[in-house]
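Trainee: Listed below, chain by chain, are the residues.
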Amino acid sequence: MNDTAHDVADELQRSHPAPAAITLSSEHRAGIARRVEVAIDRRDARSRIAIGIAAPATVLACAVAVTAVAVLALTGGTPVAPTADRPVLASSAATRVLERAAERALATPSQAVREDQFVYTRSAAITNEGSLGGAVVLGPVHERETWLGQDPGPFGWQDDVIREHGQDWPIESGGASVAGPTRPTYAWLDALPTDPDALLDTLARSASPVDGQTQDQAVFDLIGTLVLEQLVPPRTAAALYRAATRIPGVDVDRRATDALGRAGIGISRADERFGTRTTWVLDESTSTLLGARWYVTHADGSPDTLFGATAVLETAVVDTAGVAPGSAA
Amino acid sequence: MDRAAFDAVYAEHVDGIFTLAHRLTGNWATAEDVTSETFLVVWRSRALVADDDRPLKPWLWGIATHQAMNARRSRRRVAAFLARRQRGDVVPDFADEAVERLDDAEVLAQAARAIAALRRPEAEVLALCVWSGLTYAEAADALGVPVGTVRSRLSRARARLRELVPDAADAPDTTPADRIVRGGRA
Chain A
1 MNDTAHDVAD ELQRSHPAPA AITLSSEHRA GIARRVEVAI DRRDARSRIA IGIAAPATVL
61 ACAVAVTAVA VLALTGGTPV APTADRPVLA SSAATRVLER AAERALATPS QAVREDQFVY
121 TRSAAITNEG SLGGAVVLGP VHERETWLGQ DPGPFGWQDD VIREHGQDWP IESGGASVAG
181 PTRPTYAWLD ALPTDPDALL DTLARSASPV DGQTQDQAVF DLIGTLVLEQ LVPPRTAAAL
241 YRAATRIPGV DVDRRATDAL GRAGIGISRA DERFGTRTTW VLDESTSTLL GARWYVTHAD
301 GSPDTLFGAT AVLETAVVDT AGVAPGSAA
Chain L
1 MDRAAFDAVY AEHVDGIFTL AHRLTGNWAT AEDVTSETFL VVWRSRALVA DDDRPLKPWL
61 WGIATHQAMN ARRSRRRVAA FLARRQRGDV VPDFADEAVE RLDDAEVLAQ AARAIAALRR
121 PEAEVLALCV WSGLTYAEAA DALGVPVGTV RSRLSRARAR LRELVPDAAD APDTTPADRI
181 VRGGRA
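Residue numbers (the working numbering), protein chains in the order written: chain A, 1 to 329; chain L, 1 to 186.
No lab work stands behind these hints, which were simulated from the structure alone. No experiment lies behind these values; they were computed from the predicted model shown. Hints are not guaranteed to be accurate.
[To be verified] Some residues of chain A that are not near chain L, with every Cβ distance over 10 Å (derived): (1) P109; (2) Q111; (3) D283; (4) D300.
[As the list claims (entries may be wrong)] Some chain A residues well away from chain L (every beta-carbon gap over 10 Å; in silico): (5) P17; (6) R35; (7) D201; (8) A299; (9) D319; (10) P325.
[To be verified] Some, not all, of what chain A presents toward chain L, calculated at C-beta under 10 Å: (11) A9; (12) A18; (13) V38; (14) D116; (15) Q158; (16) V161; (17) Q167.
We put the CB at the ideal spot given by N, CA and C, even for glycine.
Working from the sequences, and respecting the hints, build out all of it.
Mentor: If you want it as structure tokens, here you go:
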């Protein structure tokens, strides 16, 4: 090719001139800025809740230490006995629920997931549509679908998509991001320790407390991130539920419902630093995970304010991002 | 980068990123999505930005290009693309605000045809080197490819545009820009 590159650009500039630059109105600029704030809020809500409320709240949950022996007694002939390395610190009621969830998880089949595939989830969600730091304004219950790439490489996330509010939102990692705690693939989850104490050690290294949050809360949030709106290998799911029994302050919420109002039993922990409470909702009879709820707690003891909820509708493994199971590509 | 620094970056670059996104997607609503997604990435990457004294623009334009091309692909995939006016935002239509003269509409329509005719890597260098005035080195930085690759993509873009839309600039335009823009908003 004889042309210098600049000739090419110049020629293209003449044949295909740039459309006029757009100057946004101040209303437009502010409107997009608001959307960025809402998006920051929503992304944070997916992993950890931060809505600018940092007032310390009354801690309702009370850590009750029970021994690992008690867990064995409660669970009967469970095939995977928890090791006694760490004490069980969740309430005894919460420990029973989590142990049942672990057993239930072990009874489900594991999946074969290839690196070129996507983990698909479909959920109902209620999200906070209020502005960052402002009052909670709950939006209507709506459907949310996610496709998470399983390629463990640094750009394995590049086709990841959230479909919500009738639009596709690419899930950006803002650079290289290999499979790991912030981008858990099925294979990465499958490689985690299945001993709950060893798993807890691993999680403790990955969990990073934010702005004065406790390490226990960070680990609880990380476990929530790994089990919610995800496909988790059975042995890992069981170990994650059992690991949660080693976290102080984990208690049951007997009247928990998911985003669709399906009643279940809640596993709950209050984040004192952020004045929030997260509840995982499990089906009382089957012990499967139904969804989650997030609340703002109040120091004066008034009832918690719901600011988000999800309900799992479907999880699957699909070949193509953006294509739901059973639909044509 | 703290919040004030982020706000400063936003104020300085929001128009440029929106313009780039609009050229690449031909759609006002999608350009809004792309712009907000781009700044979301900036916010999430703010720790990296603080440690890096390279110019911000190639990095920003690279993110926006990536987001815009992903948005195009997503739109193709979603059969029923429902544009949503979130939280009651009512914005003046593209035709009212961005295009004041007929020539602008024609240039925009031609740009939309060019982007549609090109493969993704070629469309990206057209938008960055020809329309955004990035140097080849900056475009290479933005796209994470060697400078030579930028050059060869640009040459391929020119060849393809000569081949596919030989008389685009001369033909009477039967595709008003507002139709292109509104196409995704039905």
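Trainee: Work down the list of hints and note, for each, if the structure agrees.
Mentor: Consistency of the hints with the structure:
1. P109: About 30 Å separates P109 of chain A from the closest Cβ of chain L, which puts it past 10 Å; holds.
2. Q111: Fine: 24 Å to the nearest Cβ keeps Q111 of chain A off the interface.
3. D283: Correct as stated: the minimum Cβ-Cβ distance to chain L is 32 Å, above 10 Å.
4. D300: 29 Å, holds
5. P17: Label violated. Min Cβ-Cβ 6 Å, cutoff 10 Å.
6. R35: 4 Å, violated
7. D201: 26 Å, holds
8. A299: A299 of chain A is indeed farther than 10 Å from all Cβ atoms of chain L, at 26 Å.
9. D319: Non-interface label stands for D319 of chain A: nearest chain L Cβ at 13 Å, farther than 10 Å.
10. P325: 15 Å, holds
11. A9: 5 Å, holds
12. A18: 4 Å, holds
13. V38: Constraint on V38 of chain A satisfied, holds at 8 Å.
14. D116: 17 Å, violated
15. Q158: Q158 of chain A check passes; min Cβ-Cβ to chain L is 8 Å, inside 10 Å.
16. V161: Holds, about 7 Å.
17. Q167: 6 Å, holds
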